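With UniProt numbering, the residue at position 1 of the sequence shown is 1, and numbering never jumps.
The set of hints was computed from the structure by calculation and includes no laboratory data. Take the hints with a grain of salt, since some may be wrong.
Straight line, CA to CA, 27 Å or less: simulated DSS-like cross-link-like pairs of lysine-lysine [to be verified]:
{"#": "1", "residue 1": "K115", "residue 2": "K71"}
{"#": "2", "residue 1": "K30", "residue 2": "K91"}
{"#": "3", "residue 1": "K32", "residue 2": "K91"}
For clarity, every value in this text was computed on a predicted model and none was experimentally measured.
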Amino acid sequence: MPTVSPTLLPILMLFASNVFMTFAWYGHLKFKESALPVVVLASWGIAFVEYWLAVPANRWGSAVYSAAQLKTIQEVITLVVFACFSVLYLKEPLGWNHALGFLFIAIGAFLIFHKW
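Please model the entire structure based on the sequences and the hints provided.
Structure, rendered in structure tokens:
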């Protein structure tokens, strides 16, 4: 039975956790008529699943990546997931300024992983 490589597993888990967290934080924006306490409780439930993915991803990922690298991976994934979520779920377009901002973040990520 094939196993997922230790370098890829944390990335896949962080990606999945970010999908859950994005829905926990922003999914309720399509349901503004729902009572805030209900939305908060629903978001906590979704975030609970996110933690079950993110915490092991960081624990296992620390065997391969530094903490700074793990955080950088997580932030880049967060932007990718949020950009897709914003366009596909919230129907909010992204502009050139978003693309430029993401580019600067990608440059920062490159610098974190680059060996001098």
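(message) Given the hinted pair K115 and K71, is their Cα-Cα distance within 27 Å?
(response) Satisfied, since the Cα-Cα distance of roughly 17 Å is no more than 27 Å.
(message) Hint check: K30 vs K91, CA-CA at most 27 Å. Holds or violated?
(response) 10 Å, holds
(message) Run the distance test for K32 versus K91: straight-line Cα separation, threshold 27 Å.
(response) Answer holds: K32 to K91 is near 15 Å, not above 27 Å.
Every hint from the earlier list agrees with this structure, and none is contradicted.
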